[in-house]
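A.B. asks: So the protein lines, in turn, are chains A and B.
Going by the UniProt record's numbering, the residue at position 77 of the first sequence is 77; the numbering climbs one at a time, nothing skipped.
Going by the UniProt record's numbering, the residue at position 107 of the second sequence is 107; the numbering climbs one at a time, nothing skipped.
Since the hints were made in silico from the structure, they are not lab data.
Incorrect hints may have been included.
[As the list claims (entries may be wrong)] Estimated spans, in silico, between C-beta atoms of each pair: (1) A:Gly151 with B:Ala38: 35 to 41 Å; (2) A:Ala37 with B:Pro148: 36 to 42 Å; (3) B:Ala38 with A:Gln108: 48 to 54 Å; (4) A:Pro87 with B:Asp33: 31 to 37 Å; (5) A:Thr122 with B:Glu46: 28 to 34 Å; (6) B:Lys131 with A:Asp109: 33 to 39 Å.
Think of the CB as a built atom: it goes at the ideal place given N, C-alpha and C, for glycine as much as any other residue.
Number of protein chains: 2
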Amino acid sequence: MRIREATADDWPAIWPFFRTIVAAGETYTYPQDLDEAAGRGLWMQEPPGRTLVAVDEDGTVLGSAKMGPNHMGRGAHIANASFMVDPDSGRKGVGRALGEHVLRLARQDGYRAMQFNAVVETNTRAVALWKSLGFDIVGTLHEGFEHPEHGFVGLHIMYRLL
Amino acid sequence: MRIREATADDWPAIWPFFRTIVAAGETYTYPQDLDEAAGRGLWMQEPPGRTLVAVDEDGTVLGSAKMGPNHMGRGAHIANASFMVDPDSGRKGVGRALGEHVLRLARQDGYRAMQFNAVVETNTRAVALWKSLGFDIVGTLHEGFEHPEHGFVGLHIMYRLL
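Work the whole structure out from these sequences, hints included.
C.D. replies: Here it is in structure tokens:
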């Protein structure tokens, strides 16, 4: 597995699993029915943001991440990042590899901290992964997410200094 | 004092204190040097967002607030709001009146919660005001704000159910 900057040519390989994950409505606050153009607009970043892909030896896209400033002005040293792994490539360490890469890049880009705004509390694998990468749950928005199966559940805000 | 929906005609009365507050760099994460068009774009909301003004008997604008969804999709029931009070009209209860009005409107618009993303911890009057209106500090982003006088200070995330 290799992680590199995404180009516009990668989007057609990202969109199928992006759409599947968003349509499930279990882990993202994106509109579940967003169309491809809206998805591209949310995911493919312009500088100073970055979009990355994890690819295997054949060049198949296994997952993707995006990162950029989470606040402006005097809070612009806080980065944000989001991650999508193709469900067909789950449990292979793709999310962890993307997370570690994004943390390195964020330090390199001069950020001092990273914040995740909305980690669904029932997404326990993601919560555990981010904790293992040094993030703390600094707060929870009670009833912040309407889960299609579990009803109103919390949204964790996760954070770490870099 | 009366609170009403802002129109485009109110912007010229908002911009002077908006600019002063943003340029001070003590309470907002907006770029300190933003120009009038960028300020208008950040402040004057399109539906489902709202922008409000507090005006006195003469129609003078004393302060303003904006509100709208803070998340999308299955988190879209969380509202966000921001407040600016003309420093020349401070300590007259304008912020509190705007806050109470925004909470009423948010309930009326069907939101279930309200979240403030970045309350600078040294802005103790704002923190006390929001606490008195039922908000809790659910988390703090340590060193999340580079204060021009105090250096890196925390950014509180404040939240309440409606």
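A.B. asks: Each hint needs a verdict: does it hold in this structure or not?
C.D. replies: For each hint, the structure was consulted:
Separation of Gly151 (chain A) from Ala38 (chain B) is about 40 Å and conforms to the stated range, judged on CB atoms against 35 to 41 Å. For the pair Ala37 (chain A) and Pro148 (chain B), the supplied restraint of 36 to 42 Å holds, since their beta-carbon distance comes to about 40 Å. One distance hint, 48 to 54 Å for the beta-carbon pair Ala38 (chain B) and Gln108 (chain A), is violated here, with the actual separation near 28 Å. About 45 Å separates the C-beta atoms of Pro87 (chain A) and Asp33 (chain B), a value inconsistent with the hinted range of 31 to 37 Å.
Restraint check, Thr122 (chain A) to Glu46 (chain B): a C-beta distance of roughly 33 Å satisfies the suggested window 28 to 34 Å. Taking the beta carbon of each, Lys131 (chain B) and Asp109 (chain A) are about 35 Å apart, inside 33 to 39 Å as hinted.
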